[in-house]
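Participant: Residue numbers (numbering that gives the first Met the number 0), protein chains in the order written: chain V, 0 to 279; chain E, 0 to 351.
Hints listed in this document are in silico derivations from the structure and should not be mistaken for laboratory results.
Just so it is clear, CB atoms sit at the ideal spot from N, CA and C, and this is done for glycine as well.
Please note: incorrect hints may appear among the correct ones.
In the DSBU-like style, the derived pairs of lysine-lysine whose C-alpha atoms are separated by at most 35 Å in a straight line are [unchecked claim]: (1) K159(E) <-> K159(V); (2) K343(E) <-> K123(V); (3) K103(E) <-> K213(E); (4) K41(V) <-> K213(E); (5) K5(E) <-> K159(V); (6) K247(V) <-> K210(V); (7) K317(E) <-> K100(V); (8) K210(V) <-> K159(E); (9) K213(E) <-> K343(E); (10) K100(V) <-> K343(E); (11) K41(V) <-> K343(E); (12) K159(E) <-> K75(V); (13) K213(E) <-> K100(V); (14) K41(V) <-> K315(E); (15) K5(E) <-> K41(V); (16) K123(V) <-> K159(E); (17) K343(E) <-> K159(E); (18) K123(V) <-> K210(V); (19) K315(E) <-> K210(V); (20) K100(V) <-> K5(E); (21) K343(E) <-> K75(V).
To list a few chain V residues with every Cβ distance to chain E over 10 Å, as calculated [as the list claims (entries may be wrong)]: (22) L36; (23) G39; (24) S156; (25) Y213; (26) E229; (27) A273.
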Amino acid sequence: MTQVDYSQTGLFFPWACLTVYQEGTIVMALFVICLLLLSGHKERRALFLWPALLLLFTVFNPLVLYFIFSRLNITKMYYRCFWLLPAAFVIGTAVTGFTQKIGNRILRAAVFAACLGIIALTGKAEITSASSLALPQNVWKVPDDLIEVCSSIHELSDEKNPKAALENNYEMLMRQYDPSIGLSIDRTVILYEIGNANGTTADEDADEGTKAEYQAADVLIGQKFDEPPEVFLQSLRTTGTDFIVLNKQAAANGYLADVGLAVSAETSESYVYAVPSDGQ
Amino acid sequence: MLILLKAALVFLAHLAVFYMLGWLMPKRKPNCRIEGEEFIFGGLLYFFFFEIVSLVCIFAQVSLTVFSVLWSVILAVLTAVSVRNRMRQKTSRELPEFPGLEGKIILAVLLILLVFQCYLVLVHQDANPDSAFYIGQASTDVYTDTMALFDPYTGLRYEKFNVRYVLSSFAEHNAYVSKVTGLPAIVQARVVISLLTLIASYFIYWRTAYRLFKRDGVRAALTLIVISVVNLFFNTIFTNATFLLNRSYEGKAVVGNVLIPCVLYLCEKLYEDPDDRQTWIMLFILGPAGVCISMSSLFLLPVAVGAGVLPVIAAKRKWNRIPQYFLVLLPCVLMLAVYLLLSKGILPSAIR
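For reference, chain E alone in the conformation it holds in the complex:
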């Protein structure tokens, strides 16, 4: 029971940290509407900075303990700055409306479907081979007090960094949380992250649908009801729905169900205002944050951004935003270059 209680607190702590980091959003106009974007911006910002700090520490081969202290300090500073930033902003909030009995029923159906999916995710068990790596890496790192230096399958020390995965430090995030809170890494991954992935996915769908239907809560809720049914009935081995409900602790599930939908959300924002600095910043940090979560992002996110942003630029005739488009791709391009240099042995990957 104690572990479950701790897991619940860790889950809430994730939400709180993402929300507070979201206050670092660039200065907005006074009394503008805040539309719940803090979670999205804060989550991306968290993994953006986490990727930078963790990769430096991984290649410097520092212990997990040292990294945990360092990252906790950085997080505390970022949070303090964000709180100070928030206190200087005056904003108004808007809550969605569900008028009449029909609206209330639609909201109730949506909530039932969401709670049901949360239950599915929480009770799901599997012995998936990929989980042996992703969760095993986190458990191994906590046990050995290292970062990505030991093979999660066998427990033996690597001679070289596992180049295929080393740029993705999602497992290190689970190891960090486990180290700091004492929550077993397997519980952090299979309970906390699984639930976070599901909630983040539907939150981004909600934000996108809410904006698309011009802040009509009923239509947004109906859209999410359809999405829920699709997710519950599109259960083949390869679909993002399968990953959402069965493998939600994996970085790939986050890419397919949170980050790629996030690209759609940002493109929708861009369509409304192609000059919005905040949206371009989020697109910029999306790449490294995505790679932190899964190496699949190295390819998928630039393609998603290209497919989404270019049509918006063309539709709005904002050709002067083309340089910004290339700028937001730059982090992924650089990371891809690093990955290729590591793979070819041009950059050293030996572990001392």
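Bound conformation, chain V alone:
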């Protein structure tokens, strides 16, 4: 979990991760309560309680983390350990077992509904807006504009496999939809520019190609327009960028105009710039 720095939290790392993991919801607390409710039954103890305790003394043990996990450098993926706890199933089993003991049908339904209400009211909803329910624009589940961009690039290009530099979302989706178009900026560079913790900055001894990717991304993604035009244009040549695609609202459009790049094609939402092969 990149939000939790092991070197700062030390032995409190599991607790810090749990706090980030549940983001204010109480599902894990409900899990513990339900676990204790189920512990009176021998089979449920064997299936739920003892495994949870085993995990508590191993995977969630701060000392184990200190001696093993931190050395394996897998603390970023620690959140997946919480998946080992069958929280939803235990809560479901406990609530069902508890409510089914109530004789009165109406009371039984009311208590069951109340339990669901507690989970819902204390949780973080999957559906936060109507847009979550909207149908995709197409069967590939990518923006229609991306499809137009791909068509434009192929129309403009003589190459079978042109290379393009795009903004974040399109960069991530492009090769899923159209793998014939190469990307001149690597994913980790993009992630670094947008401030994603999985991105990495360039090493001092990185090769020229890698440095050029960061230079190009600084402008196109990071919107750092103090880069000298010749440096930016050279970075396009070094990375072999044939096309640049920017949203029409992107501030970098102004910079590209200033360095002499003209719009070669226009889609519903994007400008496509063909980078001259001589870099001018």
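Once you have looked at the hints, place chain E on chain V.
Facilitator: Okay, now just chain E, sitting in the frame of chain V:
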């Protein structure tokens, strides 16, 4: 529309293949109850064999076309054997009951929640950075007619295998399906696999709850209703619920929502009968099948199996099953060893 229709057929084909491979389950007693385990066993068996065959082909650097032909032949043989096996078995089926109006209402609520979640999964869109790898790998493999030889991010050919992911060939499964059916890899992943993951997850929860509540359909349905609500309201960035509803095409989502619950299911079976050979076989093939789906399984599944199986062995005093426990861990241990040898450069990973 044609693509959607093809996606629907591919989805049904997945179910059919898993179901038929499930007939390869070890011989059961005559007229025993079949409890829908064919899907679970068949799915695990599919990815178990797929992992072995695909890894050989990846490291041999054969083309996707050659692999597709080879795997299709193997699949056809396995299916033929399983059909022959099925014809020799006499079994009875049991359908869950939902008595009275209350039972019918509970079933209806559950079905509405499940259909709603299917809808969420089908309409969900994202530009997740991880999808750029997992789906991009499949698309790239189809385009280049190779297997894991090209960088999905840039389209450039690797100089060495991507050791961090090479042992997990889930993307190759999507590439295979795309190659054979013509369904775009992005649709195979974002539509077919997403829906399969959700359905498989709830199916395993259903089987576990149904057995736990002694074949009481109403209680099992109530449990799944609670699980559905938890999944719909536990949407933080890291939870398995988030992965189930937002990133269900990823191998990690399958691990957190299908494979780990499958361990619980198998432990529940083991509690009922610690000597059941079929359960131990499923635990054995679970490891490689899991690694095929996601590298996270290298660590998570052995831990899950250990945490689940050891308490059952202790509770039933079946200490003579300890050797079997170590045996089921062996595949993951071996794969972990291969991964470490590749990472350290002791095993070659260069691409010719």
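Participant: Against which earlier hints does the structure fall short, listed by number upward?
Facilitator: Violated: hints 2, 9, 10, 11, 15, 16, 18, 19, 20.
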